[in-house]
Amino acid sequence: GAVVSQHPSRVICKSGTSVKIECRSLDFQATTMFWYRQFPKQSLMLMATSNEGSKATYEQGVEKDKFLINHASLTLSTLTVTSAHPEDSSFYICSARFGLAGDTGELFFGEGSRLTVL
Amino acid sequence: GENVEQHPSTLSVQEGDSAVIKCTYSDSASNYFPWYKQELGKRPQLIIDIRSNVGEKKDQRIAVTLNKTAKHFSLHITETQPEDSAVYFCAARALGLLVGSNYKLTFGKGTLLTVNP
Chain U
1 GAVVSQHPSR VICKSGTSVK IECRSLDFQA TTMFWYRQFP KQSLMLMATS
51 NEGSKATYEQ GVEKDKFLIN HASLTLSTLT VTSAHPEDSS FYICSARFGL
101 AGDTGELFFG EGSRLTVL
Chain W
1 GENVEQHPST LSVQEGDSAV IKCTYSDSAS NYFPWYKQEL GKRPQLIIDI
51 RSNVGEKKDQ RIAVTLNKTA KHFSLHITET QPEDSAVYFC AARALGLLVG
101 SNYKLTFGKG TLLTVNP
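The listed protein sequences derive, respectively, from chains U and W. Under my numbering, the first residue of the first sequence is numbered 1, with each subsequent residue one higher. Under my numbering, the first residue of the second sequence is numbered 1, with each subsequent residue one higher.
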């Protein structure tokens, strides 16, 4: 099956620093990747949709200048949390769907990245 | 946009019993309904999905039913086992043929299923 790899799995940083999380589709091309945020015991909340070669589409209430998304290739999307604060501590998960034409429906999720901001 | 409601939020059953989780959705354009199982700290894993052109789908101990008219769908797990314990999420989205950003998966709030030995 399709594999999506996310890195790092855990990161601890100081308040005010920036953190980059990578999401890679290992064996397929992903024209669209999605970034979710999940707080403890809560559901996955979509933050933004990342399309290869174009600007990301952010959900209402998500600050695009704080959560920078880059989808430079068909296999890589990155999420950068800029000037992180303790309230940004969360589990960030990416997902990807198969690419260029048609839509099989299924999304493939990365392992998730647990961000802790001190 | 789509709104997905999921019930119950927690469910505790005895091993061997059945478990049923129900979801409703609001957007009549949604035509794809996956169910995910998520263990603590892990990624969501697709366990079964259904498209709107069918009313029921089964895969061994797991089944999903869909009522398009009422806009609700349910997950049924029979002969539950302790390893079924996890958080289950339903979701809904619209499928299409165009590459774009409007095929978002909207999740329910999740159901914590505990199967007691």
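Any given hint could be a false lead.
[Said to hold, decoys possible] Have a look at the derived ranges for each label pair, beta carbon to beta carbon:
1) N53/W - G16/U: 48 to 56 Å
2) D59/W - A2/U: 47 to 55 Å
3) L26/U - N53/W: 26 to 34 Å
4) K68/W - I12/U: 41 to 49 Å
5) Q42/U - E83/W: 17 to 25 Å
[To be verified] Computed from the model, here is a short list of chain U residues facing chain W with C-beta under 7 Å:
6) L44
7) P86
8) D88
9) L107
10) F109
11) E111
12) T116
13) L118
[Stated by the list, open to error] In the BS3-like style, the derived pairs of lysine-lysine whose C-alpha atoms are separated by at most 27 Å in a straight line are:
14) K22/W - K58/W
15) K55/U - K37/W
16) K14/U - K42/W
17) K68/W - K64/U
18) K58/W - K64/U
19) K71/W - K58/W
20) K55/U - K20/U
21) K109/W - K58/W
22) K22/W - K66/U
Please keep in mind that the hints were generated in silico from the structure rather than gathered at the bench. For every residue, glycine included, the Cβ atom is placed at its ideal position computed from N, Cα and C.
Outcome of the hint check:
1. N53/W - G16/U: 48 to 56 Å: holds, 52 Å
2. D59/W - A2/U: 47 to 55 Å: violated, 19 Å
3. L26/U - N53/W: 26 to 34 Å: Holds, at about 31 Å.
4. K68/W - I12/U: 41 to 49 Å: holds, 46 Å
5. Q42/U - E83/W: 17 to 25 Å: holds, 23 Å
6. L44: Holds, because the Cβ-Cβ distance from L44/U to chain W comes to roughly 5 Å (cut-off 7 Å).
7. P86: For P86/U, the interface hint is violated, since the closest Cβ of chain W sits about 20 Å away, which is over 7 Å.
8. D88: violated, 18 Å
9. L107: With Cβ-Cβ at 6 Å, under 7 Å, it holds.
10. F109: holds, 4 Å
11. E111: holds, 5 Å
12. T116: violated, 13 Å
13. L118: With a minimum Cβ separation of about 20 Å from chain W (threshold 7 Å), the hint on L118/U is violated.
14. K22/W - K58/W: holds, 16 Å
15. K55/U - K37/W: Answer violated: K55/U to K37/W is near 31 Å, above 27 Å.
16. K14/U - K42/W: Judged against 27 Å, a Cα distance of about 24 Å means the pair holds.
17. K68/W - K64/U: violated, 36 Å
18. K58/W - K64/U: violated, 41 Å
19. K71/W - K58/W: holds, 19 Å
20. K55/U - K20/U: Distance ~17 Å between K55/U and K20/U Cα, so the pair holds.
21. K109/W - K58/W: It holds: about 23 Å lies between the C-alpha atoms, which stays within 27 Å.
22. K22/W - K66/U: violated, 36 Å
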